[in-house]
Amino acid sequence: MRLDLFQTAGRFMGAISLVFATGFANAEPKHGISMYGEPALPHDFVSLPYVNANAPKGGKIVLGEGGSFDSLNPHIAKSRVPWMLRFYAYESLMARSWDEPFTLYGLLAESVETSEERDWVQFTLRPEARFADGSPVTVEDVIWSYETLGTAGVGHPRYLGAWSKVEKAEAIDERTVRFTFKEPDRELALIMGMRPILKKAQWDGKEFNQGGFDIIPITTAPYQVGDFEPGKYVSLVRNPDYWGKDLPVNKGRANLDEIRMEFYLDGSVMFEAFKAGILTSFRETNAAKWEENYDFPAITSGKFVKSEIAHQRPTGITGFVMNTRRDQFKDWRVREALITLFNFEAINDTVSGGTLPRITSYFDNSPLGMKDGPAEGKVAELLEPYADDLLPGTIEGYTLPVSDGSLANRKNVRKALGLFKEAGWEIKDGKMQNAAGEPFQFEIVINAGDKSNERIGNLYVEALQPLGIDATLSRVDSAELKERTQIYDFDMAYYRRGLSLSPGNEQYNYWGSEGVETPGSRNWMGMDVPAAEAMIDAMLNAPSQDDFVAAVRALDRILTSGRYVIPFSYSNIARIAHDSRLKYPEHVPIYGDWIMYQPDVWWMEE
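This note's numbering puts the sequence shown at residues 5 to 610.
One or more of the hints may lead you astray.
Distance windows between CB atoms, simulated [claimed, not checked]:
1. 455 with 176: 53 to 61 Å
2. 474 with 334: 13 to 21 Å
3. 307 with 493: 43 to 51 Å
4. 84 with 523: 17 to 25 Å
Below 25 Å or equal to it, Euclidean Cα-Cα: the simulated SDA-like pairs (lysine to any residue) are [to be verified]:
5. 82 with 524
6. 382 with 400
7. 236 with 482
8. 255 with 47
9. 375 with 549
10. 169 with 537
11. 82 with 485
12. 61 with 237
13. 204 with 131
14. 415 with 462
15. 255 with 131
16. 310 with 290
17. 375 with 545
Simulated from the structure, these hints should not be mistaken for laboratory data. We put the CB at the ideal spot given by N, CA and C, even for glycine.
Between the sequences and the hints, there should be enough to build the whole structure, so can you do that?
Take a look at the structure:
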């Protein structure tokens, strides 16, 4: 993707003006809101740029989902809920454009207004906004929804952080609600537009934080919960009387009459159901299987087709994370040595036939990712005050070690042994040990049901044995894995952290020093780097898009050169096999496979 992604005229229908040029000097109602400057689409836009505005309505898609479910309320922490309920059965005041990071357009709200300082934001509801039972959406519904979701022990924890920054929520008039913040926050003005709006009257006298199936949600969304069998399947049915079907932000969306999710405890059984035609769409995450396992009759006859959809989202980080709270991982040279001994090229060839690229940084595959070579321009300026404390490679550039692909991996083994020696570890009597004679040993914990990571872990452990490193792979159930990682009771663990094109306050939870000791953070590696928090500060307070990108690239350098995670591969395309009648638009938004995997913009041609 080019650097001018956020300003591409053809994609965004006009360049984005920077906030210091336009700003919100005089707060006034607008049709949309951006983190910086103005939304790309004008107030009179006809439809989002990545939809087929003339897509026909009708048809049905049947998707397979892993596991089970025990509730229809996706806004509490206690239950397992079909994930699509959160995205399809509820609406918020504003709607995303998946072609624009950090931009929202009015949905339940006809307009949004905020101050130049972003210390408050207010939304005016559309008078025609209705729940599925025909009752109007009120300011009272909005405030109750936000208060309920933001209450600890009631709503899901994902809502608590943002709500804690709100000083008050108040009705300005019968259709306008204002949220005043405890302190200015550019991102919070957008976050307040993205909370689900619930029908207050439906929950009167009932406990919101209880799971189960006693309450079938009545929402404003185009889809409502239809037929279901607990743990087995659930159907979302399009409401023909949906109030917002003619809004520009909804044109070309919610085209299918029914979205049905079938649940399976075994992935192989789910795939067989797809081959038999029970499912009409299947996302394949294994590149080797995509090449080898799709020659069954439904494919060869043309009834089903294979589609590959590119995306330009950040890779995030996936791999084995080292817990630097443990003494053996505190030295960066040890972490670099362990990364060097992970023979990615040979492992990738064994696991996926060598078809997948490796993650090279946390924001890789996107315009937010760090660039090769020395830091330059604004990135260098941001990092320079912390130069004395940054690890080697942060400013001058860092790349992952590459092997020759052979199992021996001799060059990298020699390099790793040199790094271990520098850090005070040598092989004596066949064992890697320090000056005190303590052996270098650690445990890798993974989910017992994850066969792919088990295979990768075994290959890695085998490669470490000739160097006298006592590594063991422990397969634990999901409950134990969650408990241990919550309190950081592990040496090394499988770790996956998704990142977006619009990173925000959540980055403190991922990489902030508070997570070193506070249980339950996403900072599994235990990093405590003031420069990383300074880059997050710079990102959140950036006066322009250029400054924002520079801050994220600087953060990416700090994270990557920290050598906290042994990175695995990623897929820069989505592999989806589906009924040939199911179609999707030619223009793929920058979030690519995310929006395309969902049936939001798909339609069926009979």
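Status of each hint after checking the structure:
no.: 1; hint: 455 with 176: 53 to 61 Å; in the structure: 56 Å, holds
no.: 2; hint: 474 with 334: 13 to 21 Å; in the structure: 18 Å, holds
no.: 3; hint: 307 with 493: 43 to 51 Å; in the structure: 50 Å, holds
no.: 4; hint: 84 with 523: 17 to 25 Å; in the structure: 22 Å, holds
no.: 5; hint: 82 with 524; in the structure: 16 Å, holds
no.: 6; hint: 382 with 400; in the structure: 14 Å, holds
no.: 7; hint: 236 with 482; in the structure: 21 Å, holds
no.: 8; hint: 255 with 47; in the structure: 15 Å, holds
no.: 9; hint: 375 with 549; in the structure: 17 Å, holds
no.: 10; hint: 169 with 537; in the structure: 19 Å, holds
no.: 11; hint: 82 with 485; in the structure: 17 Å, holds
no.: 12; hint: 61 with 237; in the structure: 23 Å, holds
no.: 13; hint: 204 with 131; in the structure: 18 Å, holds
no.: 14; hint: 415 with 462; in the structure: 21 Å, holds
no.: 15; hint: 255 with 131; in the structure: 19 Å, holds
no.: 16; hint: 310 with 290; in the structure: 14 Å, holds
no.: 17; hint: 375 with 545; in the structure: 22 Å, holds
Hint violations for this structure: none, all hints satisfied.
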